[in-house]
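Undergrad: Each chain is listed here by its residues.
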Amino acid sequence: MADEALFLLLHNEMVSGVYKSAEQGEVENGRCITKLENMGFRVGQGLIERFTKDTARFKDELDIMKFICKDFWTTVFKKQIDNLRTNHQGIYVLQDNKFRLLTQMSAGKQYLEHASKYLAFTCGLIRGGLSNLGIKSIVTAEVSSMPACKFQGTMQKGVTDTPNKMFQWILCHRNGRLRRLTKPNIILKT
Amino acid sequence: MAVCIAVIAKENYPLYIRSTPTENELKFHYMVHTSLDVVDEKISAMGKALVDQRELYLGLLYPTEDYKVYGYVTNSKVKFVMVVDSSNTALRDNEIRSMFRKLHNSYTDVMCNPFYNPGDRIQSRWALLPVSASSPGGPYSRVRIQSRWALLPVSDPVQVGPTSCVRSTPGRPYFLCPIQSRWALLPVSDPVQVGPTSCVRIQSRWALLPVSDPVQVGPTPVSDPVQVSPTPCVRSSPGPLITW
Numbered sequence: 000m001a002d003e004a005l006f007l008l009l010h011n012e013m014v015s016g017v018y019k020s021a022e023q024g025e026v027e028n029g030r031c032i033t034k035l036e037n038m039g040f041r042v043g044q045g046l047i048e049r050f051t052k053d054t055a056r057f058k059d060e061l062d063i064m065k066f067i068c069k070d071f072w073t074t075v076f077k078k079q080i081d082n083l084r085t086n087h088q089g090i091y092v093l094q095d096n097k098f099r100l101l102t103q104m105s106a107g108k109q110y111l112e113h114a115s116k117y118l119a120f121t122c123g124l125i126r127g128g129l130s131n132l133g134i135k136s137i138v139t140a141e142v143s144s145m146p147a148c149k150f151q152g153t154m155q156k157g158v159t160d161t162p163n164k165m166f167q168w169i170l171c172h173r174n175g176r177l178r179r180l181t182k183p184n185i186i187l188k189t
Numbered sequence: 000m001a002v003c004i005a006v007i008a009k010e011n012y013p014l015y016i017r018s019t020p021t022e023n024e025l026k027f028h029y030m031v032h033t034s035l036d037v038v039d040e041k042i043s044a045m046g047k048a049l050v051d052q053r054e055l056y057l058g059l060l061y062p063t064e065d066y067k068v069y070g071y072v073t074n075s076k077v078k079f080v081m082v083v084d085s086s087n088t089a090l091r092d093n094e095i096r097s098m099f100r101k102l103h104n105s106y107t108d109v110m111c112n113p114f115y116n117p118g119d120r121i122q123s124r125w126a127l128l129p130v131s132a133s134s135p136g137g138p139y140s141r142v143r144i145q146s147r148w149a150l151l152p153v154s155d156p157v158q159v160g161p162t163s164c165v166r167s168t169p170g171r172p173y174f175l176c177p178i179q180s181r182w183a184l185l186p187v188s189d190p191v192q193v194g195p196t197s198c199v200r201i202q203s204r205w206a207l208l209p210v211s212d213p214v215q216v217g218p219t220p221v222s223d224p225v226q227v228s229p230t231p232c233v234r235s236s237p238g239p240l241i242t243w
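Residue numbers (numbering that gives the first Met the number 0), protein chains in the order written: chain H, 0 to 189; chain P, 0 to 243.
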């Protein structure tokens, strides 16, 4: 991205555009988030193809997650994920201290109820990127306090071809410390 | 020179496969299919050995008596397979690598095409035209077909497609478009409407007929490429002369 403001503003307009068309009845209510996520999915697929064109082949899942944290996040949001943790069984924890798409909104609890709309696209982005690299997943988001945000991922089938297991990745930050989940836990709250 | 190019999805079905139909196409399809095993073997071998060879280019997969097969895997597990004529010994590894590089670039562009759904067959007209190895590093663009078919001296009889008469006046160059393009070679029994291609003027017994919509064909790199002396039977029925 040549200029991060470009993507930020476009993204905001995209979100409001989708919701406006929902009001006019073109999209069913409640499907807006899905629509945004699907957009992000397709974009993620194409982006990953471009970004991995020149990199070496990935060794394993951890390699892929590191790539997402460093190169992918840097290219899209101009910063890296600050902390990556794993329990080596498929749960990955990624920590982002200041999520770019939310910094302009507020620095606390204001507008918290609207934050989920602005995270749907990024969830899709991650999901699309991973799907193109061979990892099926479901990524959802949760915000507790701006600009901190929490992305939850449910991995359905790993690169290592393990049988069906439910895993999670978390990108979270709470006051600079990391919350570590010890059991699968799907939370959807704004 | 590449005789066959294939793009295989990660689920091991072909997204795009094209070969020069001088021989049985099925033979190339079969070769590509068998080479997939070798590709998988190489990928898993690399993973276990933890060699620092984490390149995308796999190198020579296996040679047969007439052909050599080269492979390349992207990070999204899409495989490119190229079958090359063994008789061309001048083809070096670097050239093969650069051909794969260009193929990868084209594939990335296809991926970003909004009209392409990932997983479908690649039907873009422009996608993945083969690159000529005679000009390594030459400009690759979807418009310019720098094919090895250009200007074969017509002293050698060449069986191409379902047509019978190949030779024209000895010593006279003729121009064949690569069969990978949308052009089919037809003997000129019918008057032919040809679309707006540029600077390929052929007045020979060959007509370049678009199978679907016409494709822009750029200039070929040979000095006197396109003027071909008219051979006796250009058209059988009165109609427009085939010009561009």
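Treat the hints with care, as some may be off.
[To be verified] In silico lysine-lysine, BS3-like type, Cα no more than 25 angstroms apart, as pairs:
1. H/Lys58 / H/Lys69
2. P/Lys101 / H/Lys52
3. H/Lys116 / H/Lys19
4. H/Lys52 / H/Lys69
5. H/Lys65 / P/Lys26
6. P/Lys67 / H/Lys135
7. P/Lys26 / H/Lys58
8. H/Lys78 / H/Lys97
9. P/Lys76 / H/Lys52
10. H/Lys65 / H/Lys52
11. H/Lys52 / H/Lys116
12. H/Lys116 / H/Lys135
13. P/Lys41 / P/Lys26
14. P/Lys67 / P/Lys41
15. H/Lys58 / H/Lys34
16. P/Lys9 / H/Lys135
17. P/Lys41 / H/Lys52
18. H/Lys108 / H/Lys69
19. P/Lys9 / P/Lys67
20. H/Lys19 / H/Lys52
21. P/Lys41 / H/Lys65
22. P/Lys26 / H/Lys52
23. H/Lys135 / P/Lys41
24. P/Lys67 / P/Lys101
25. P/Lys9 / H/Lys52
26. P/Lys101 / P/Lys41
27. H/Lys108 / H/Lys135
28. P/Lys26 / H/Lys69
29. P/Lys76 / P/Lys41
30. H/Lys58 / H/Lys116
31. H/Lys65 / H/Lys19
32. H/Lys116 / H/Lys34
33. P/Lys76 / H/Lys58
34. H/Lys97 / H/Lys116
35. P/Lys76 / P/Lys9
36. P/Lys76 / H/Lys65
[As the list claims (entries may be wrong)] What follows is a set of in silico ranges between Cβ atoms, one per label pair, in the way DEER data are often shown:
37. P/His32 / H/Leu8: 43 to 51 angstroms
38. P/Asp65 / H/Arg30: 55 to 63 angstroms
39. H/Ile137 / P/Glu24: 25 to 33 angstroms
Hints in this document: simulated from the structure, not taken from any laboratory.
Built from N, CA and C at the ideal position, the CB exists for glycine as well.
Undergrad: Compare the structure with each hint and give your call.
TA: Hint-by-hint comparison with the structure:
1. H/Lys58 / H/Lys69: This hinted pair holds, its Cα atoms lying about 16 angstroms apart.
2. P/Lys101 / H/Lys52: holds (11 angstroms)
3. H/Lys116 / H/Lys19: Holds. H/Lys116 to H/Lys19 sits at ~13 angstroms (cutoff 25 angstroms).
4. H/Lys52 / H/Lys69: Status holds; Cα separation ~16 angstroms.
5. H/Lys65 / P/Lys26: Measuring from Cα to Cα gives roughly 42 angstroms; hence the hint is violated.
6. P/Lys67 / H/Lys135: violated (35 angstroms)
7. P/Lys26 / H/Lys58: violated (34 angstroms)
8. H/Lys78 / H/Lys97: holds (9 angstroms)
9. P/Lys76 / H/Lys52: holds (11 angstroms)
10. H/Lys65 / H/Lys52: holds (16 angstroms)
11. H/Lys52 / H/Lys116: Distance ~31 angstroms between H/Lys52 and H/Lys116 Cα, so the pair is violated.
12. H/Lys116 / H/Lys135: Holds: H/Lys116 and H/Lys135 sit about 23 angstroms apart, inside 25 angstroms.
13. P/Lys41 / P/Lys26: Satisfied, since the Cα-Cα distance of roughly 23 angstroms is no more than 25 angstroms.
14. P/Lys67 / P/Lys41: Given that 25 angstroms is the threshold and the Cα spacing comes to 16 angstroms, the pair holds.
15. H/Lys58 / H/Lys34: Violated, at roughly 33 angstroms.
16. P/Lys9 / H/Lys135: holds (13 angstroms)
17. P/Lys41 / H/Lys52: holds (19 angstroms)
18. H/Lys108 / H/Lys69: Outside the cut-off at roughly 28 angstroms; violated.
19. P/Lys9 / P/Lys67: Distance ~23 angstroms between P/Lys9 and P/Lys67 Cα, so the pair holds.
20. H/Lys19 / H/Lys52: Roughly 37 angstroms separates the two Cα atoms, so the pair is violated.
21. P/Lys41 / H/Lys65: holds (24 angstroms)
22. P/Lys26 / H/Lys52: With Cα atoms ~30 angstroms apart, P/Lys26 and H/Lys52 exceed 25 angstroms; violated.
23. H/Lys135 / P/Lys41: holds (24 angstroms)
24. P/Lys67 / P/Lys101: Holds, at roughly 19 angstroms.
25. P/Lys9 / H/Lys52: holds (16 angstroms)
26. P/Lys101 / P/Lys41: holds (22 angstroms)
27. H/Lys108 / H/Lys135: violated (33 angstroms)
28. P/Lys26 / H/Lys69: Answer violated: P/Lys26 to H/Lys69 is near 45 angstroms, above 25 angstroms.
29. P/Lys76 / P/Lys41: holds (13 angstroms)
30. H/Lys58 / H/Lys116: This hinted pair is violated, its Cα atoms lying about 34 angstroms apart.
31. H/Lys65 / H/Lys19: Since the Cα atoms of H/Lys65 and H/Lys19 sit roughly 37 angstroms apart, the hinted pair is violated (cutoff 25 angstroms).
32. H/Lys116 / H/Lys34: holds (11 angstroms)
33. P/Lys76 / H/Lys58: Holds. P/Lys76 to H/Lys58 sits at ~12 angstroms (cutoff 25 angstroms).
34. H/Lys97 / H/Lys116: holds (17 angstroms)
35. P/Lys76 / P/Lys9: Judged against 25 angstroms, a Cα distance of about 5 angstroms means the pair holds.
36. P/Lys76 / H/Lys65: Answer holds: P/Lys76 to H/Lys65 is near 18 angstroms, not above 25 angstroms.
37. P/His32 / H/Leu8: 43 to 51 angstroms: holds (49 angstroms)
38. P/Asp65 / H/Arg30: 55 to 63 angstroms: holds (56 angstroms)
39. H/Ile137 / P/Glu24: 25 to 33 angstroms: For H/Ile137 and P/Glu24 the Cβ distance comes to about 42 angstroms; the hint is violated.
Figure legend: structure checked against the earlier numbered hints; hints not met, in rising order: 5, 6, 7, 11, 15, 18, 20, 22, 27, 28, 30, 31, 39.
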